[in-house]
Amino acid sequence: MSCSKIETMISSYLDNELPKEEEAFLFTHISSCPECREEFKKQNLINHKIQSRQIEVPPELDSRIFDTLKGRKSPAVLPSAGRPVLSYLNYFLSAVIVMLIIFSIVQLTQNANYQTQLRNVETQIEKQNKLINSLILNPNDEEKAPNLIKPIIIKSTRL
Amino acid sequence: MLNYLSIEKEKELTMQNNRIIEFTLIYNRHKKPLLNYVYNLVRSKMPAEDIVHNSFIKLYDNFETIKNPESIGAWLYTTCRNEAYSLFKKNKQITEQDIEKYEDTALGNNLMNDFEADELGRLIEEELRKMSPEQSEAYILKVTSGFKYSEIGKIMGIEENLVRSRIFNVRQKLKIVFKYFEGNLK
Numbered sequence: 001m002s003c004s005k006i007e008t009m010i011s012s013y014l015d016n017e018l019p020k021e022e023e024a025f026l027f028t029h030i031s032s033c034p035e036c037r038e039e040f041k042k043q044n045l046i047n048h049k050i051q052s053r054q055i056e057v058p059p060e061l062d063s064r065i066f067d068t069l070k071g072r073k074s075p076a077v078l079p080s081a082g083r084p085v086l087s088y089l090n091y092f093l094s095a096v097i098v099m100l101i102i103f104s105i106v107q108l109t110q111n112a113n114y115q116t117q118l119r120n121v122e123t124q125i126e127k128q129n130k131l132i133n134s135l136i137l138n139p140n141d142e143e144k145a146p147n148l149i150k151p152i153i154i155k156s157t158r159l
Numbered sequence: 160m161l162n163y164l165s166i167e168k169e170k171e172l173t174m175q176n177n178r179i180i181e182f183t184l185i186y187n188r189h190k191k192p193l194l195n196y197v198y199n200l201v202r203s204k205m206p207a208e209d210i211v212h213n214s215f216i217k218l219y220d221n222f223e224t225i226k227n228p229e230s231i232g233a234w235l236y237t238t239c240r241n242e243a244y245s246l247f248k249k250n251k252q253i254t255e256q257d258i259e260k261y262e263d264t265a266l267g268n269n270l271m272n273d274f275e276a277d278e279l280g281r282l283i284e285e286e287l288r289k290m291s292p293e294q295s296e297a298y299i300l301k302v303t304s305g306f307k308y309s310e311i312g313k314i315m316g317i318e319e320n321l322v323r324s325r326i327f328n329v330r331q332k333l334k335i336v337f338k339y340f341e342g343n344l345k
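Chains A and B are the protein sequences, given in the same order.
Numbering-wise, my numbering puts 72 at position 72 of the first sequence, and it's gapless, one number per residue.
Here my numbering = 1-based position in the second sequence + 159.
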C-alpha cells in the first residue's frame with residue numbers, strides 16, 4: 001500500500017473513524033516506514049496542540065445565560081407545552097359529565113310535561129266516559145245533550 | 160379543587176426544575192467545544208460568546224420540539240453555524256478587514272515570538288485562520304466537538320466523504336507550520 005493511502009488512514013485514525021480491523025495494518029506499516037511514522041507524529045501533535053489551545057468559557061457567559069433563563073418563563077409552564085396527557089383527559093371527562101347532567105335535566109323536565117299532559121288527557125277521557133254513561137242511562141233525554149253524538153246502543157233481541 | 164390546582168402547580172414546578180437540570184447538563188457538556196467552534200468561525204471572542212448565548216437560549220425555548228435527545232448537539236452546532244454565517248453576511252467587509260489585519264500582525268509576530276513556549280500551537284492557529292471558514296470548518300468541528308463524519312455532514316449540509324476529504328486537506332495544509340517552526344528554530 002502506498003504511503004499516500006496511509007496518510008488518509010492516519011487522518012481517519014486521529015478522527016476515531018478508522019475501522020478497528022485496519023488499525024493493526026496501519027501500525028504495522030508505521031513501524032516499518034520512517035516517513036509515515038513522522039507523518040503520524042506531526043498530525044498527532046497538531047491535534048494535541050489544537051485541543052490544548054482551546055479557549056475556556058468565561059464565567060460571565062455562564063452567568064449571562066442563566067440570568068437570561070431566570071427572567072424567562074419555562075415553556076413547560078405555558079398551557080400549550082409539557083402538560084401531561086392525564087390533565088387533558090380530566091378536562092375532557094369533566095366536560096362529558098357536565099353535558100350528561102344538562103341532558104338529564106332536560107329529559108326530566110320533558111318527562112314531567114308529558115305526565116301532566118297525560119293526566120289532563122285521562123281527566124278528559126274520564127269526563128267523557130261519565131257523560132256517555134249518563135246518556136246511556138237516559139237514551140230519550142236528547143235535549144240535555146243536543147251536540148253530543150248519539151251513543152250506539154245495541155239492543156239484544158231474542159227470537 | 161384547590162388541592163387539584165396545587166398538585167398541578169407542583170407538577171409544573173417539578174417539570175421546570177427537571178428541564179433546568181437537563182439544560183444545565185447539556186450546557187456543561189457542549190459549552191466549551193461550541194464556543195471554540197464558533198470562535199474559530201467568527202475569529203472574535205465577543206461575537207462568539209453572543210452567538211453561543213443566543214443558541215443556548217433558543218435551545219431552552221425549543222426544548223419540547225427537539226424530540227431526539229441525541230440530536231441536541233447537532234442542533235446546537237447548526238444553530239450556531241447559521242448565526243455565525245448571518246453575522247458574516249452582515250459584517251462581511253469588517254470581517255475581511257479584520258482577518259487581513261490579523262494576518263499582518265500574525266506574520267509580524269512570527270519573527271518576534273519565535274521562541275515562545277507554545278509557538279507551534281500559535282502557528283497552527285494562524286494557519287487555520289488563513290483558511291476560509293469553508294475549508295477549515297469540518298476540521299474545527301471534528302477537533303472541538305468530536306462529532307462523527309456523518310454528523311458533521313448533517314450540520315454542514317455536505318456528504319460524509321466530502322467531510323473526510325476536507326479534514327484530510329486541512330491536515331495536509333497544516334503540516335506547513337512545521338516548516339516555519341523548524342525554520343524559526345534554526
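Be a bit skeptical, because a hint or two may be false.
What the hints assert, rightly or not - Computed cross-link-like contacts, DSBU-like style, restricted to lysine-lysine with a CA-CA straight-line distance of at most 35 Å:
hint	chain 1	residue 1	chain 2	residue 2
1	B	217	A	41
2	B	204	B	307
3	B	168	A	41
4	A	42	B	307
The set of hints was computed from the structure by calculation and includes no laboratory data.
Computed from a prediction, not measured in an experiment: that's the story for all the values here.
Tested hints:
For the hint pairing residue 217 of chain B with residue 41 of chain A, the CA-to-CA distance comes to about 41 Å; that exceeds 35 Å, so the pair is violated. Taking the CA atoms of residue 204 of chain B and residue 307 of chain B, the gap is near 26 Å; set against the 35 Å cutoff, the hint holds. Under the criterion of a C-alpha separation no larger than 35 Å, the hint pairing residue 168 of chain B with residue 41 of chain A is inconsistent with the structure, at around 59 Å. Between residue 42 of chain A and residue 307 of chain B the alpha-carbon distance is near 22 Å, which keeps this suggested pair within the 35 Å criterion.
Checked against the numbered hints listed earlier, the structure breaks hints 1, 3; every other hint is satisfied.
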